[in-house]
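Protein chains: 2
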Amino acid sequence: MTSLPAPSVTTGPLPASTKVFRHGVLHPDIRVPMREIALHADAGEPPVTVYDASGPYTDPAAHIAIAQGLPRLRAGWIAARGDVQAYAGRPVAPADNGLVPADQRSPEFPLRHLPLRARDGRAVTQLAYARAGIITPEMEFVAIRENLGRAQARRHLARDGQGFGAAIPDEVTPEFVREEVARGRAIIPANINHPESEPMVIGRNFLVKINANIGNSAVTSSMAEEVEKMVWAIRWGADTVMDLSTGRNIHNIREWIIRNAPVPIGTVPLYQALEKVGGVAEDLTWEIFRDTLIEQAEQGVDYFTIHAGVRLRHIPLTAERVTGIVSRGGSIMAKWCLHHHRESFLYEHFEEICAICRTYDVAFSLGDGLRPGSIADANDAAQFAELQTLGELTQIAWRHDCQVMIEGPGHVPMHKIKENMDRQLAICGEAPFYTLGPLTTDIAPGYDHITSAIGAAMIGWFGTAMLCYVTPKEHLGLPDRDDVKTGVITYKIAAHAADLAKGHPAARIRDDALSRARFEFRWEDQFNLSLDPDTARAFHDETLPKQAHKLAHFCSMCGPKFCSMKISQDIRAQARAQQGMQTMALKYRAGGDLYMAADALEKLQR
Amino acid sequence: MTSLPAPSVTTGPLPASTKVFRHGVLHPDIRVPMREIALHADAGEPPVTVYDASGPYTDPAAHIAIAQGLPRLRAGWIAARGDVQAYAGRPVAPADNGLVPADQRSPEFPLRHLPLRARDGRAVTQLAYARAGIITPEMEFVAIRENLGRAQARRHLARDGQGFGAAIPDEVTPEFVREEVARGRAIIPANINHPESEPMVIGRNFLVKINANIGNSAVTSSMAEEVEKMVWAIRWGADTVMDLSTGRNIHNIREWIIRNAPVPIGTVPLYQALEKVGGVAEDLTWEIFRDTLIEQAEQGVDYFTIHAGVRLRHIPLTAERVTGIVSRGGSIMAKWCLHHHRESFLYEHFEEICAICRTYDVAFSLGDGLRPGSIADANDAAQFAELQTLGELTQIAWRHDCQVMIEGPGHVPMHKIKENMDRQLAICGEAPFYTLGPLTTDIAPGYDHITSAIGAAMIGWFGTAMLCYVTPKEHLGLPDRDDVKTGVITYKIAAHAADLAKGHPAARIRDDALSRARFEFRWEDQFNLSLDPDTARAFHDETLPKQAHKLAHFCSMCGPKFCSMKISQDIRAQARAQQGMQTMALKYRAGGDLYMAADALEKLQR
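Protein chains in written order, with this note's numbering: chain A, 1 to 606; chain B, 1 to 606.
Chain A extracted, bound-state conformation (with noise of 0.2 Å):
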């Protein structure tokens, strides 16, 4: 181990913000963290309670070691439920950080927990605890995380939205946790091995959750960048990490991750295997991909992306594709198979994979190593066969008891976007979707997180569970750190927009506040209550630095004289100092032909 500082972090809370802790019923123990935003005196409203992905980095009161990894707050949690066992663990290899020089290794984690497994060939995931009728903490905790606003809302908000068949709760129970997660229609990724992570679940009847990508290459980035990656990541709001790192090292920054991260990771398992190999696929065996999944499982990876749905006689269907085979697990695994030409072994050895993950609660998701490139390609016969086969997966890992989402494209014209979610919902069972964008068109390198959240706002109304963020690098290079809060920030903005058209019932409650904030000139609330207060201010002292013009009942975009947010409150004060405004509303309804007939106004309201 090198003596290298540990990495520093961004950490403390945003403005405005404190962070508050729900605790459980039916596990008092649970503190289930969330971020009070205060409002201005003058607004006379409580504080607005939002969604906190953020973990411990946020709140003062923690105390941040990076050297010595998060609290293990799921420790206990798990080991009450008495069917786990710890044991030596698989000891790590020079192959495991693709045999980098000493002198170009990232230090290693400085603590060793050892693994758990379950005991007996029990399967310890949360879907089997479902199906047993068991309520876990993690359940609990990630209804009351749900919960969020709810109560408030009923008070306030008539229910509003298209939910095309989606079943979102007035108020989420756990019980209603445990159903969903039990049908499959819902996951709680919680590897045994990352007791740090904050539960959390993905599924179509709760928010739609965002997932960030981080990762270094061959080409470019250290430990230190990943883990800060990480941290700004989820501080503006990403619900689980992936890390997709390709280069060496990839053991050990991915141990500095996990150790720290609050929030599920993911990652690709097939990347590091190909890196044991040399990087020639042909040279993959399902040995050494086992021995990598037992690696990360044991590390506390809490879902895998396995390509098995990439069987041989798919890969013919993407001959005359436009931009061919775009998934890099997609790419190896076409490689492999015809090279061998046979059938590849993440689908031969399917249900040894199921073993090993029920053994850690790893959850399945499952790749889409088809899915299109291009506009051109989008909804072909590859990807739906590649479909087909997902969803005789799922059926299968669901036999096994394992937690199982979807992942789907890629490249979609606008048109074609909503036959891929009805097409999954029918063929995989319900399980929960997990797409990437999709971009709907390819024409703007450089914007393709916007050209991306069109779609991704899209498909999450139509019922995707989870967006996976799309940056301004995509496809021209690995995003940096204001690439990845640029990338989280614009799919919070797609995911948010996708909860308020499904209609959840607390989402506008966010939406009122700002607007009720921007209508009376509270701009230091118009800031906080924004998903990037910083931005949001920063763009405001652009034109008006001054502490006085926060205060002020305009902008610089009109000026003084010409703000209609100022003209419209002039309105409203004269029409209520002069008689009231609902008076003179019926006044007007009451008019004669200058005003509007009542029933007309019925018509309209209708």
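Derived from the structure by calculation, the hints contain no laboratory data. Glycine included, every Cβ here is placed at the ideal spot set by N, Cα and C. Any given hint might turn out to be false.
[What the hints assert, rightly or not] Covered stretches of chain A, going by a simulated chain B footprint (3 or more residues, C-beta under 8 Å):
| id | stretch |
| --- | --- |
| 1 | 294-301 |
| 2 | 432-443 |
| 3 | 446-457 |
| 4 | 470-480 |
| 5 | 504-511 |
Start from chain A and add chain B according to the hints.
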């Protein structure tokens, strides 16, 4: 006039791009500009021709002299119709520039052209000509412009899309343009006093257009900045530009903009009128407003936003809104109506406004003064009551041979967007819809180009003819040059995504060319074909700056070993080398249980 030098603007072609011109048949003197993007010799493909709104500024052969203005390309066409006369025009008054002191005055534009107006009460609008069966040079110009790529596409691409009742032809003929204009389903904004403009068409059966707003405010920005913003906006693809200035010097700044604008210029005349009465809405009069319309029509403004739909009886419907009235024009008129307790002069004098518009061919953009300013207020009674009035006004304007489009919201959650389009089509007789966004959530100030691009792409797909851009500064400040570019590129994405989804026959050509370049590692082509080549290149350079990397068969995301595109190409090459991929595919299809049966395959391909 001061001796200030003329402002400098951005000129020069985009990378790998050449301006080409197509000639008319009915009107052989027509030269329709297009941009050809050359591809690398390895591609073995012809250049990709794209729509070009940038005017002479990107033509190295053009002599740009801002102080002289652009060539007056339509002057001969207008004169040849024999229905206009030059006249002295209205004298410019100090109030036209907001009584600005001499030392703060923007310079006058150095040249003065006598304004034209219709002779003998004639209607000189494109609508009048279309109804009379005349195919104007403007109509043939836009037919050629819109027809771009269709001939090429017919050979290669099957029609694919969902048009929601749009009637997009395989080929755009001049006669088709005439019919669409005659029916009121499309407009060609083309003031006879703006002969510098290159004709363009706005309608549901044509390419989706975008508008960029510029303009100073009382707080910030100068003439030189605004002229450069206009040139910059069209460089990146803005099809029209609205000058929304609300500060002083309005008259002089606008003159510089129009004389140098190859795209239609829109305004909200109310802003200037209000400036003339010292910002006191109640002091506005029909006479002052009328005079402002003539002032602007003589200058060459191509379309006016007129908030004549804000009727007295609608105002109380906004009383309980979260954000009241957010349209500046709407709030000004509402204040006036309430103060005087009478119907607005815009509504009462609407036919007189029509008479002015037909005299110069200024198109109406019927403003949505009561558009929702928050998710909470979307699709409410106030909004739809106004829309009903806009439908009535459309019929009146059409009776006067005036061209009309209808402005739309605003802030609308995804599930309420389509209703906006459906109602607009039904109520306004298919007059083109021109929407601001809509923003699909309120919680992301600083990113409202993205919150709104989601809504804009969707409503464009549903049938909106022109999308008004939103920049990152929306709600926070006045956009600078960078914001203008970001807004334009974002809206080009939304418009293009809409064209793809509607099934525009040629839209996919550029996507496919870029995707082939991506698949074949033609990095330079990938940059050059993108909406923003500079940003795409810069992002690539951040991680792989060397020129050699532009030829590399990988990028920094995955590095050489992991590149799926490379692997996928290897697969294809390998397969082709072995036996030809087709043969192989056939063999696979014919195969036993390892392979997919041919009928299963066909089922998937259906």
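Taking the hints in turn, this is what the structure says about them:
1. 294-301: Three-residue rule not met by the stretch 294-301 of chain A, so violated; n is 0.
2. 432-443: holds (count 4)
3. 446-457: holds (count 8)
4. 470-480: holds (count 7)
5. 504-511: Satisfied; 3 residues make the cut.
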